[in-house]
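S.K.: Listed below are the residues making up each chain.
Protein chains: 2
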Amino acid sequence: MLEIEVKARIDSIPAVEARILELGGEFRKEVIEVDVYYNHPNRDFAETDEAIRLRRVEDMVFLTYKGPKIDRHTKTREEFNLKVDSWDNSTSILRALGFTEVMPVKKRRRYLRLEEFEIMLDYLEGLGSFIEVEMKGDYKPDALFDFLRELGVEGSETRSYLELVLEKQGKLK
Amino acid sequence: MLEIEVKARIDSIPAVEARILELGGEFRKEVIEVDVYYNHPNRDFAETDEAIRLRRVEDMVFLTYKGPKIDRHTKTREEFNLKVDSWDNSTSILRALGFTEVMPVKKRRRYLRLEEFEIMLDYLEGLGSFIEVEMKGDYKPDALFDFLRELGVEGSETRSYLELVLEKQGKLK
Numbered sequence: 010m011l012e013i014e015v016k017a018r019i020d021s022i023p024a025v026e027a028r029i030l031e032l033g034g035e036f037r038k039e040v041i042e043v044d045v046y047y048n049h050p051n052r053d054f055a056e057t058d059e060a061i062r063l064r065r066v067e068d069m070v071f072l073t074y075k076g077p078k079i080d081r082h083t084k085t086r087e088e089f090n091l092k093v094d095s096w097d098n099s100t101s102i103l104r105a106l107g108f109t110e111v112m113p114v115k116k117r118r119r120y121l122r123l124e125e126f127e128i129m130l131d132y133l134e135g136l137g138s139f140i141e142v143e144m145k146g147d148y149k150p151d152a153l154f155d156f157l158r159e160l161g162v163e164g165s166e167t168r169s170y171l172e173l174v175l176e177k178q179g180k181l182k
Numbered sequence: 010m011l012e013i014e015v016k017a018r019i020d021s022i023p024a025v026e027a028r029i030l031e032l033g034g035e036f037r038k039e040v041i042e043v044d045v046y047y048n049h050p051n052r053d054f055a056e057t058d059e060a061i062r063l064r065r066v067e068d069m070v071f072l073t074y075k076g077p078k079i080d081r082h083t084k085t086r087e088e089f090n091l092k093v094d095s096w097d098n099s100t101s102i103l104r105a106l107g108f109t110e111v112m113p114v115k116k117r118r119r120y121l122r123l124e125e126f127e128i129m130l131d132y133l134e135g136l137g138s139f140i141e142v143e144m145k146g147d148y149k150p151d152a153l154f155d156f157l158r159e160l161g162v163e164g165s166e167t168r169s170y171l172e173l174v175l176e177k178q179g180k181l182k
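These protein sequence lines are chains P and U, in that order.
Each residue of the first sequence is one higher than the one before, starting from 10 at the first, in the numbering used here.
Each residue of the second sequence is one higher than the one before, starting from 10 at the first, in the numbering used here.
Mixed in with the good hints there might be a few duds.
No copy labels: a pair is met if it fits in one copy or bridges any two.
[What the hints assert, rightly or not] Restricting the straight-line Cα-Cα distance to at most 25 Å, the calculated cross-link-like pairs of lysine to aspartate or glutamate (DMTMM-like) are:
id, residue 1, residue 2
1, K92, D155
2, K38, E88
3, K115, E176
4, K92, D68
5, K78, D97
Simulated from the structure, these hints should not be mistaken for lab results.
Kindly generate the complete structure, drawing on both the sequences and the hints.
M.R.: See the structure below:
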């Protein structure tokens, strides 16, 4: 399954959210997501542009593989997602196989929906506010950028939160 | 969690099962289990004596890591077990990470229980019949061997089904 997604930095989550609701969107839920990224035992994921991520959302845990980005303007990637029944056992298996923890990334995420768009408004302490918009299925990046413009959002951030956190800490060149 | 387990070859599943029921054991269920073992992208699990296994039992899927055996007489290992929600996505993640499929192993498994013993009576086509007895918790291999003797079962098979299948096919030296 391809995940077609754009991300952009925003100044104010309430302002963007108000605009989405005006356009007929609906608020769905707010969650705290904790992600731990891992590096591969013999591939440098920072170079191959892949990722393995363990995510906790309330009492649910997901293990996700993300392949390299397939274009330069969006964050579209091949993605395989697995719901698992234990954070601790997932961690133990990854460690036993030689995967190493890179860094935890914690965010507050508000989910909204408007027509075919899944919208996420994210706040990360020390990093600021972001919007992510996702479409499943057909590959139509233009529709995503048109939608962002309608919201008054400019630009596109193709770096992952992990990369942004590492850059801010001076750990990524 | 340590898994303390012995395995032995038996001539007849019905005869051993009758003896277990005589001793007060109870039959719990019969299932078909399909296991696919994987090798690590840069470690030879046949040498390190580890295993990663994807198991399907009816509509459930489990991803399991097994560490090296920690004694020579039983099959005791460190084991981490994860219930996952998709066989296909598990396969895709393992392949994307560079794990390679070794071989599927299919068996008919009858579960019985007697006091602290979890008993499995396995039939594998082309390989024959086996009993596995497991205890969770305290490390008491003697209790396991005493119990096997009570059932009239001799000997211990420390090789995995995967190893036995590969040996039979002449793929393991």
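S.K.: If a hint holds in the structure, say so; if it doesn't, say that too.
M.R.: Results of checking the hints against the structure:
For a Cα distance limit of 25 Å, the shortest separation of K92 from D155 qualifies neither inside one copy, at 33 Å, nor across copies, at 41 Å. In the homo-oligomer, the alpha carbons of K38 and E88 lie at most 25 Å apart inside one protomer (23 Å), although the nearest pairing across protomers, at 37 Å, exceeds that limit. Taking the shortest Cα distances, K115 and E176 sit within 25 Å of each other inside one copy (16 Å), while across copies they are farther apart (48 Å). Taking identical chains as interchangeable, the C-alpha atoms of K92 and D68 lie at most 25 Å apart whether they share a chain (11 Å) or sit on different chains (15 Å).
Taking CA atoms no more than 25 Å apart as the test, K78 paired with D97 passes between copies only; the shortest distance there is 22 Å, against 29 Å inside one copy.
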